[in-house]
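Asks: Sequence:
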Amino acid sequence: MDAYLIPAVDGVAYGLLLFVVAAGLTLAFGVGDVLNLAHGTLFAFGAYAAAKVSDGSWASLAAAVLVGAVAAAAGGAVLSALLVPLAGRGHLAQALLTFGVALVAGDLLVGVFGPDELPVRIPASLDRAVTIAGHSYPGYRLAFIGVAALIAVALYVVVARTRLGSLVRATVDDRDMVATLGVNPFMVRTGILAAGGALAGLAGALGAPIIGPGPRTADLVLMLSLVVVVLGGMGSIGGAFVAAIAVGEIQTIGVTSETTRDYAPFLLFGAMAVVLSARARGLLSAGRSAA
Numbered sequence: 000m001d002a003y004l005i006p007a008v009d010g011v012a013y014g015l016l017l018f019v020v021a022a023g024l025t026l027a028f029g030v031g032d033v034l035n036l037a038h039g040t041l042f043a044f045g046a047y048a049a050a051k052v053s054d055g056s057w058a059s060l061a062a063a064v065l066v067g068a069v070a071a072a073a074g075g076a077v078l079s080a081l082l083v084p085l086a087g088r089g090h091l092a093q094a095l096l097t098f099g100v101a102l103v104a105g106d107l108l109v110g111v112f113g114p115d116e117l118p119v120r121i122p123a124s125l126d127r128a129v130t131i132a133g134h135s136y137p138g139y140r141l142a143f144i145g146v147a148a149l150i151a152v153a154l155y156v157v158v159a160r161t162r163l164g165s166l167v168r169a170t171v172d173d174r175d176m177v178a179t180l181g182v183n184p185f186m187v188r189t190g191i192l193a194a195g196g197a198l199a200g201l202a203g204a205l206g207a208p209i210i211g212p213g214p215r216t217a218d219l220v221l222m223l224s225l226v227v228v229v230l231g232g233m234g235s236i237g238g239a240f241v242a243a244i245a246v247g248e249i250q251t252i253g254v255t256s257e258t259t260r261d262y263a264p265f266l267l268f269g270a271m272a273v274v275l276s277a278r279a280r281g282l283l284s285a286g287r288s289a290a
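For what it's worth, numbering that gives the first Met the number 0 labels the leading residue of the sequence shown as 0, then goes sequentially.
Bear in mind the hints are in silico, worked out from the structure with no lab data behind them.
Predicted model only: the values in this text are computed from it and were never measured.
Beta carbons are placed, not taken as given, at the ideal position from N, Cα and C, and that holds for glycine.
The reader is advised that the hints may include incorrect statements.
To be verified - Per label pair, the in silico range of CB-to-CB distance:
no.	residue 1	residue 2	range
1	222	165	28 to 34 angstroms
2	176	65	33 to 39 angstroms
3	102	278	27 to 33 angstroms
4	126	183	33 to 39 angstroms
5	65	215	37 to 43 angstroms
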């Protein structure tokens with residue numbers, strides 16, 4: 000069991016990173032009813048910002064986080080505007096449009112930053128190993144666990160305990176009723192897509208030392224985020240948190256074990272197949288809820 004301690008901790012870090020990304024995706028679907036296949040590209044914005052802006056100082060890391068979050072938030076708002084002509088045409092049209100945007104944006108990122116994965120410099124105080132039960136573990140990942148946990152708590156408090164969160168949850172339940180109260184559901188959707196983009200960009204900037212910026216980063220992050228959203232229940236923040244931790248553990252511990260190393264990717268999709276089958280049989284709830 001001692002051999003699995005560090006992979007388990009790494010699974011928490013990986014899972015929390017996926018949660019911060021997937022939280023924006025699940026809010027976009029749960030509130031805006033938007034299937035955003037460009038969400039991984041918004042993560043890539045933040046990751047490339049970290050690679051280019053961060054020079055190893057705390058100030059540059061903070062600047063990278065800010066640039067990544069703002070750029071991705073702007074991307075989310077632009078996507079909301081692009082989706083206006085598709086109102087009422089269903090998720091397939093949304094998927095095609097956002098996937099097309101992801102392809103174009105991905106080519107632009109490769110054209111600007113090159114086809115190779117970029118290194119990311121972090122502050123020297125975090126670029127060292129710490130000891131956990133006699134094992135060495137990267138200090139940055141341990142710090143990331145703390146920061147991502149705070150982001151998760153803050154997100155829950157905003158959605159479940161504030162007036163803004165009440166508006167979000169009301170829009171999930173009955174957007175027509177919200178409209179009769181004088182609130183524009185389109186502006187709520189735009190705000191949610193921008194906030195979801197900001198979360199993706201934030202995760203990209205902070206998580207760049209874990210999932211580095213490269214040509215395949217957006218596709219990998221989108222795939223894992225969709226798995227988290229499906230496992231956690233469409234639109235459920237709490238479900239996304241539990242699912243993200245489970246995915247992180249399956250990915251890291253599955254690779255660590257010699258028995259399952261060659262089958263680790265199949266374990267993840269096997270778990271998703273089991274959940275989908277259980278929901279189809281009515282054994283699990285798949286309700287949409289912002290909280």
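Asks: Hints first: check each against the structure and report whether it holds.
Replies: These are the hints, each one checked on the structure:
1. 222 x 165: 28 to 34 angstroms: 33 angstroms, holds
2. 176 x 65: 33 to 39 angstroms: 36 angstroms, holds
3. 102 x 278: 27 to 33 angstroms: 31 angstroms, holds
4. 126 x 183: 33 to 39 angstroms: 46 angstroms, violated
5. 65 x 215: 37 to 43 angstroms: 26 angstroms, violated
This entry does not satisfy hints 4, 5, going by the numbered hints stated previously.
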